[in-house]
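S.K.: Residue numbers (the working numbering), protein chains in the order written: chain A, 110 to 482; chain C, 3 to 320.
Watch out, some of these pointers could steer you wrong.
Not close to chain C: a few residues of chain A, all C-beta gaps over 12 Å, as computed [what the hints assert, rightly or not]:
1) G404
2) I419
3) Q445
4) G449
Quick look at which bits of chain C chain A covers, simulated, 3 or more residues with Cβ under 8 Å [stated by the list, open to error]:
5) 206–217
6) 220–229
Calculated from the structure, these hints are not laboratory results.
The C-beta atom is built at its ideal place from N, Cα and C for all residues, glycine as well.
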Amino acid sequence: MTPTAPLSPAAPAATPVASIQLEHIRKQFGAFTALDGISLAIPDGQLVALLGPSGSGKTTLLRILAGLETPDGGSVHFRGGGAPRRVGFVFQHYALFKHMTVFENVAFGLSVRPRRERLSRAGIRAKVQAILDTVQLGWAGPRMPDQLSGGQRQRVALARALVIEPEVLLLDEPFGALDTRVRADLRRWLRQLHDQTGITSVFVTHDQEEALEVADRIVVLNQGRIEQDGSPEEVYERPASAFVYQFLGQVNRVRGHMRDGQLDTGGTSLAVAGAGLREGSAAAAFLRPHDLQVGLDPVPGALPALIRRIHLAGPYARVHLETLHDATELEAHVTQEEMGRLQLQAGQVVHALPRRLEVFPDAPAAGDPDYVI
Amino acid sequence: MADVNEGGPPGRYAPSSSPLVLPHGMPGPSPGIPSQARRPLARTEPRAVRVAAILLVLVYLAGFLLLPLAAVFCEALAQGWRVYLAALREPEAWAALRLSLTATLAAVTLNTSFGLAAGWLLGKFQFPGRRLLGTLIDLPFAVSPVVAGLMFMLIFGAQGWLGPWLIARDIRIAFALPGIVLATSFVTFPFVARELAPVFQAAGGEQEEAARMLGASGWQIFWRVSLPGARWGLAYGVILCSARAMGEFGAVSVVSGHIRGLTDTLPLHIEALYNEYQFSAAFACASLLSLTALLTVGLKAWVGRRRNEGPPQPRSAA
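Work out the full structure: start from the sequences and follow the hints.
M.R.: The structure is reproduced here in structure tokens:
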């Protein structure tokens, strides 16, 4: 779990200034609704993640922020009105100018300015060198982009976007094309860079881990709508919908019906805290694998289940269970210590007690990610 | 991981990035890219088949390319260097060469401007009629050059639609340089556009979008990003276009009127000489034309290699 970082290093006045304000943004591509009425305020100096599965509209939203797409409805306000603004944009596949050296790539944004605003040749050289040093590529100026690794290219793309001193930095799946290790390094580095510069930044990702680790704030999108908007802690610990629960982290789903204020799963009744669901309606309980306690003896509220498989590798054992009454698959994370005490074996019948769960109406939504455990 | 490519040609398959990019444990370049050092398993034809195929290609090359080319030069020099040089020094030969070069230059200029615009449109935009434009551009490939020449005569000839009007104003198009340029341009119309459209398309729009986000104007984007990105494709198209323009016979034959020393291009001049049984002179001029062809083939190969290699930089990093 990433603790929520303080918003901006130089926290301004009492009310945070909204750098970008989106109101009821709609965008349609033929019959496909990419964005369905998005309203969002992005405060100054925050690093915001737009998180969602493919087709959720996150990239379209980013491109509208950049001005690369025009919304069909709604409005985008930047601080200080619609005045000419500088927006840095980093593309997933870098979009470096292949025929230019790294230096020329980074200098591009400075050299295309009208003569009156343009820096001197020496001024440009100094500025480009400084930004290349910042991204630890001071040596790479004379290289061509295709002589660099993916991670290096992405840093060039970032330097190119930063050199124009943007008010807002937008990143489209910035680490999507990189392998896991480089990715992890780069995102830590992006977080540091943001802490240093304090530029209001928005990045698009489909990787929940990335969003949780890097962002100050996560906006979860699904089918062109905002499912939840909050700190990493909030969206992880208190998901606002079944979708968010399933999209962020691993989750077990137990289906049933509301009866006497409890979730009747067919065999066991699960205690539900103030769900406010209609009596008799279909509902599903969501619980994280580490919130499922495996025990040998029957306890009220525990689901009797059969152990299918046990994976021991890693800091905890992953125990795959199947409930006895309706063969729902569950996964429980059991500490090595617990494992030693319980001596669990595949084929054994155990009792799985949810320590914490959340209940949502069980409408089999079309946007359900299909990797629910 | 860098040693996966050892033995392959330098440049082409040299790892373009450090090993960091490859997922750990992945075997070098993607399995789809054949490593030139080893023969792919899928190609295990019996030796006899390979030898037969190679022989067939060699026979074709010898019979249809090398032999005729050699014949041209042999025939040209059959009566010695003196006759050869005299034939080339002939004022009419010079005039023909000059006219061919002028017409080629004009046609290439016209078709490059058009080709840039059309290639840009076809490669970067979706618009109604895009497919039709693509088809229309290819039309000159399908129309016989003679028919193309006749079309221009129908429009600009003395009996053509605009002929009387033009003659009344003493504007000469048919049987003059403008007609020759028009005919040559028509025949070589598709080369640059056809070469550029896929290059522009392959580059996609991301680099342009990146340039726009950095504050470049449309003009700056085209001249500093799109065009340099397609420069080798452009060079390739221009070379093909020049080669074709230089050798154009059919369409020009119809519109030129065969006025010796005035409207005869080099190919027309060669035919005239040949018909007059001046074989040495005909083949001397033919050898000149063949030399320009060889030159363009050489240039084309060089540009083609540069284009595939990408940036013209020593690959010290790789």
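S.K.: Evaluate each hint against the coordinates.
M.R.: Structure-based check of each hint:
Here G404 of chain A stays apart from chain C, with its beta-carbon at least about 40 Å from theirs, past the 12 Å limit. Every CB of chain C lies more than 12 Å from the CB of I419 of chain A, the least distance being 26 Å, so the non-interface label holds. For Q445 of chain A, the non-interface assignment is confirmed: its Cβ lies about 27 Å from the closest Cβ of chain C, beyond the 12 Å cut-off. Even its closest Cβ contact with chain C, about 33 Å, leaves G449 of chain A beyond 12 Å, as expected for a residue assigned away from the interface.
Note: the stretch 206–217 of chain C has 9 residues with beta-carbon separation from chain A under 8 Å; the three-residue rule is met and the coverage holds. Remark: the stretch 220–229 of chain C is confirmed as covered by chain A, as 3 of its residues place a Cβ nearer than 8 Å to a Cβ of that chain, reaching the required three.
Figure legend: structure checked against the earlier numbered hints; every hint is met.
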